[in-house]
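Undergrad: I would like the entire structure built from these sequences, with the hints used as guidance.
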Amino acid sequence: MFAYIIRRVLATIPVMAVVALFVFSLLYIAPGDPAAVIAGDQATPADVERIRQSLGLDRPFLVRFGEWVWNILNGDMGVSIFTNLPVTTMIKQRIEPTLSLMVLTLILAVSIAVPMGVIAAWKHGTWIDRCVMGFAVLGFSVPVFVVGYVLAYIFALELDWLPVQGYTAFKEGLFPWLENLVLPSIALGGVYIALIARITRATMLEVLQQDYIRTAKAKGVGQRSILFLHALKNAAVPIVTVIGIGMALLIGGAVVTESVFAIPGLGRLTVDAILRRDYPVIQGVVLLFSFVYVLVNLLIDLLYTLFDPRIRY
Amino acid sequence: MDRRTLIKAGAGLGLAGHFGLSAPAYSQGAAARTLKFVPQANLANFDPIWGTQYVVRNAAALVWDTLFGFDEHLVPKPQMAEGASVSADGLTWTIKLRPNLKFHDGSTVHAKDVAASLTRWSARDSMGQMIKAIQQELVAVDDLTVKWVLKKPYPKMLMALGKNSTPMAFIMPERIAKTDPFKQIEEYIGSGPMRFVKEEWVPGAKAVFAKFADYKPRSEPGSWLSGGKHIMVDRIEWIVMPDPATASAALQNGEVDWWENPITDLVPQLRRNRNVRVDIADPLGNIGTFRMNHLTTPFNSLKARQAVLAALSQEDYMRALVGDDNALWKPLPGFFTPGTPLYTEEGGDLLKGPRNMDLAKRLLAESGYAGTPVTCVVAQDQPITKAQGDVTADLLKRIGFNVDYVATDWGTTGQRRAMKNPVGQGGWSMFHSWHAGADCINPAVYIACRANGDAAWFGWPNIPSVETAVDEWFEAPNLDAEKAAIRRLNRAGMENVTYAPTGFFLQYQAWRANISGVVKGPLPFFWGVSKT
Chain H
23 MFAYIIRRVL ATIPVMAVVA LFVFSLLYIA PGDPAAVIAG DQATPADVER
73 IRQSLGLDRP FLVRFGEWVW NILNGDMGVS IFTNLPVTTM IKQRIEPTLS
123 LMVLTLILAV SIAVPMGVIA AWKHGTWIDR CVMGFAVLGF SVPVFVVGYV
173 LAYIFALELD WLPVQGYTAF KEGLFPWLEN LVLPSIALGG VYIALIARIT
223 RATMLEVLQQ DYIRTAKAKG VGQRSILFLH ALKNAAVPIV TVIGIGMALL
273 IGGAVVTESV FAIPGLGRLT VDAILRRDYP VIQGVVLLFS FVYVLVNLLI
323 DLLYTLFDPR IRY
Chain V
19 MDRRTLIKAG AGLGLAGHFG LSAPAYSQGA AARTLKFVPQ ANLANFDPIW
69 GTQYVVRNAA ALVWDTLFGF DEHLVPKPQM AEGASVSADG LTWTIKLRPN
119 LKFHDGSTVH AKDVAASLTR WSARDSMGQM IKAIQQELVA VDDLTVKWVL
169 KKPYPKMLMA LGKNSTPMAF IMPERIAKTD PFKQIEEYIG SGPMRFVKEE
219 WVPGAKAVFA KFADYKPRSE PGSWLSGGKH IMVDRIEWIV MPDPATASAA
269 LQNGEVDWWE NPITDLVPQL RRNRNVRVDI ADPLGNIGTF RMNHLTTPFN
319 SLKARQAVLA ALSQEDYMRA LVGDDNALWK PLPGFFTPGT PLYTEEGGDL
369 LKGPRNMDLA KRLLAESGYA GTPVTCVVAQ DQPITKAQGD VTADLLKRIG
419 FNVDYVATDW GTTGQRRAMK NPVGQGGWSM FHSWHAGADC INPAVYIACR
469 ANGDAAWFGW PNIPSVETAV DEWFEAPNLD AEKAAIRRLN RAGMENVTYA
519 PTGFFLQYQA WRANISGVVK GPLPFFWGVS KT
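Top to bottom, those sequences are chains H and V.
Add 22 to the 1-based position in the first sequence for the working numbering, that's all there is to it.
Add 18 to the 1-based position in the second sequence for the working numbering, that's all there is to it.
Hints are computed from structural coordinates only; laboratory data are not their basis.
Idealized CB from N, CA, C, for every residue including glycine.
Take the hints with a grain of salt, since some may be wrong.
With a straight-line cut-off of 25 Å between C-alpha atoms, the simulated DSS-like cross-links for lysine-lysine are [what the hints assert, rightly or not]:
1) Lys-216/V <-> Lys-193/H
2) Lys-370/V <-> Lys-321/V
3) Lys-170/V <-> Lys-201/V
4) Lys-193/H <-> Lys-120/V
5) Lys-216/V <-> Lys-120/V
6) Lys-216/V <-> Lys-114/H
7) Lys-114/H <-> Lys-224/V
8) Lys-549/V <-> Lys-229/V
9) Lys-196/V <-> Lys-114/V
10) Lys-239/H <-> Lys-145/H
11) Lys-415/V <-> Lys-379/V
12) Lys-255/H <-> Lys-241/H
To spell it out: a stretch of chain H is covered by chain V in this simulated footprint if at least three of its residues, at any positions, have a beta carbon under 8 Å from a beta carbon of chain V; those stretches are [to be verified]:
13) 25 to 38
14) 50 to 62
15) 232 to 243
16) 277 to 283
Taking CB as the label site, the calculated pair distances span [as the list claims (entries may be wrong)]:
17) Val-125/H <-> Gly-341/V: 34 to 44 Å
18) Asp-283/V <-> Ala-52/H: 29 to 39 Å
19) Gly-341/V <-> Gln-245/H: 52 to 62 Å
20) Tyr-423/V <-> Ala-39/H: 36 to 46 Å
21) Gln-245/H <-> Pro-401/V: 51 to 61 Å
22) Ile-51/H <-> Ala-388/V: 26 to 36 Å
23) Ile-51/H <-> Gln-287/V: 37 to 47 Å
TA: Next up, the structure:
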């Protein structure tokens, strides 16, 4: 097991290398010029060129890529072209809101979606099942920003229960932290809940048809034990897999959610950096997201052994 | 106390009592001393010479001060300067500083700081570059006196030092001002009324300014960038909100106090809220534009450019920008800002009256246009350029142009418009933009109206009669002579179509009812603004 973990962690290195090359190349060939953005509307072409030179953007691709990789290997993600701040500082400033949003959404989504899926499978074909599936379709269909606006309108503007926007750090207290994150988490969690609920339902339906479930029923095991101890545990592997894959949904959704609720997180940092062509920031954030995604999937693989002892690494 | 605060207080008390968790104490006093402001854009950098975006200038005006500053009549008045004098031959300017002005690091402002700051500024600013070109020496004579010796007179000196167009001539400590003007400064130390709290800066999200205790406001009443800059709050927080709907909701909910530029669509909703006030932001407004490339076909032909102007309906553009609110726009058959001393409609006949599609088609035929694609570059991430671009594409098609509509973003537009290649090899035929009216009040600050070929703004118009009029304006001894020169400039620019003005439009600002002292101006002026 330990050797497996080491192998998998080592395997992230070539993955990250490919991601790094891909991101760097993509930005190199993409149109746009940070020097033109910096210089502003009144700048002359000569001003723009001089700024481009001062930023080192006129150097060949391989020189720039080599220097960037070398710096990354030395723990230096570079300095933002615009803010003149180290990329690591900017990521540190932004990581807590995004992490908070994603963790809360994950907790919210799993704690709502799994019971929903289980109940839908248990009450298969009834109005409860149809309601759950209806909600799942809605969750998939309605964009995050629409849900966000509706929630903000109802709970902030009309009822005045929660703030419209912003983020309060966890160190300021649990309540202020939660107050700012409830609406964004619900908005972001909609798609995620729909996805997990559907997979849970489908997997549970399959498991509930198995012989050992029939045997358990015949032995007089209670409905709750059948559902949550026997069936759900055996349905857990695909559910956990979907939760892992869905992290990409969360990362993508965070970009929109953070904009709608003005949360100063990594999603907004990414969008701002892309619009301005702040190459070091884009490269740093994308690399970080890729790393997190790879790690989450490793964690999911390891979780399999908890739910299915037959799986061995 | 509002409902949410009450709930928060209750919940906070409950949680604190049971679980040892706390909510921040509610303090009306602290809230009243902090002004929360939503700026027009993200403050992504903070060097007003290196980065010339308006948002940087607006923030910089809090932290750095200038020797002179425009008042509401666009007259430069002494600010850090006690006064200035010019020798009889017009070649030597002597500027005297007010004594005992302090920088935020506690050091005193000296003439050497001024000389270094003006040197850095003059490398980047268009007026500064003109002065630099005729500069003999710029020296600190003593601690409080700066002498600027020129090889030929420059009558617009005080305008250059006091103007509000970017980059403004901000004064920094010498050690900072010695930074290469094409590189960013790393310390944000000024002598303005507010200190920049760098530790709390989250670029793209929040910037914080704290009142500078040692700031000495002038005794005159505050008027735009001149007079006493009395700060009435302890702290100003800039909160960046990329989504206008969120900013609108936050303002209505009392989470922010002042929103610099609400979009027109949301203004009716804001007006319905009794706790929100809405008014025009900047009486000098904006001028919508699109620029045609004078170097490539088809717009290297005057007839093709005139064809576009003959059919162009400014009302169509303005409706696309501001909707049905007639108070927000007016036609602009000229290049200069309406309501300012040099405004003129001389030569703008082609833009007046009913639009003449037949004339446009005839002019296009006479231009010899053979159906080559017109690359119309439209930045989709800027509502103003997107709206204008859509109107232009339709207009060009109706005239008979073969339109290649390039939907892109502002970053790409910035790169592409600098390319002089032919269309089809990365070049372009036209792009859309807009200029702040404050930057279109005279040719010194208005690079877009110039027509000096390769040195001109993108599109590179080469119209000698425009440049002759510019020279005449610079040398004009009085306002009447200036007006006469500008009339000639406007006529020459209109007849040769330096660029196409799409109209003059205003924008709103909005603030909470408990905020007072908000004035209309080309940038948000925080002095005199208080909160109860």
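Undergrad: For each hint, tell me whether it holds in the structure or not.
TA: We went through each hint and held it up to the structure:
no.	hint	in the structure
1	Lys-216/V <-> Lys-193/H	21 Å, holds
2	Lys-370/V <-> Lys-321/V	18 Å, holds
3	Lys-170/V <-> Lys-201/V	30 Å, violated
4	Lys-193/H <-> Lys-120/V	36 Å, violated
5	Lys-216/V <-> Lys-120/V	19 Å, holds
6	Lys-216/V <-> Lys-114/H	15 Å, holds
7	Lys-114/H <-> Lys-224/V	15 Å, holds
8	Lys-549/V <-> Lys-229/V	15 Å, holds
9	Lys-196/V <-> Lys-114/V	21 Å, holds
10	Lys-239/H <-> Lys-145/H	16 Å, holds
11	Lys-415/V <-> Lys-379/V	11 Å, holds
12	Lys-255/H <-> Lys-241/H	19 Å, holds
13	25 to 38	violated (count 0)
14	50 to 62	holds (count 9)
15	232 to 243	violated (count 0)
16	277 to 283	holds (count 3)
17	Val-125/H <-> Gly-341/V: 34 to 44 Å	42 Å, holds
18	Asp-283/V <-> Ala-52/H: 29 to 39 Å	31 Å, holds
19	Gly-341/V <-> Gln-245/H: 52 to 62 Å	60 Å, holds
20	Tyr-423/V <-> Ala-39/H: 36 to 46 Å	39 Å, holds
21	Gln-245/H <-> Pro-401/V: 51 to 61 Å	57 Å, holds
22	Ile-51/H <-> Ala-388/V: 26 to 36 Å	33 Å, holds
23	Ile-51/H <-> Gln-287/V: 37 to 47 Å	43 Å, holds
This entry does not satisfy hints 3, 4, 13, 15, going by the numbered hints stated previously.
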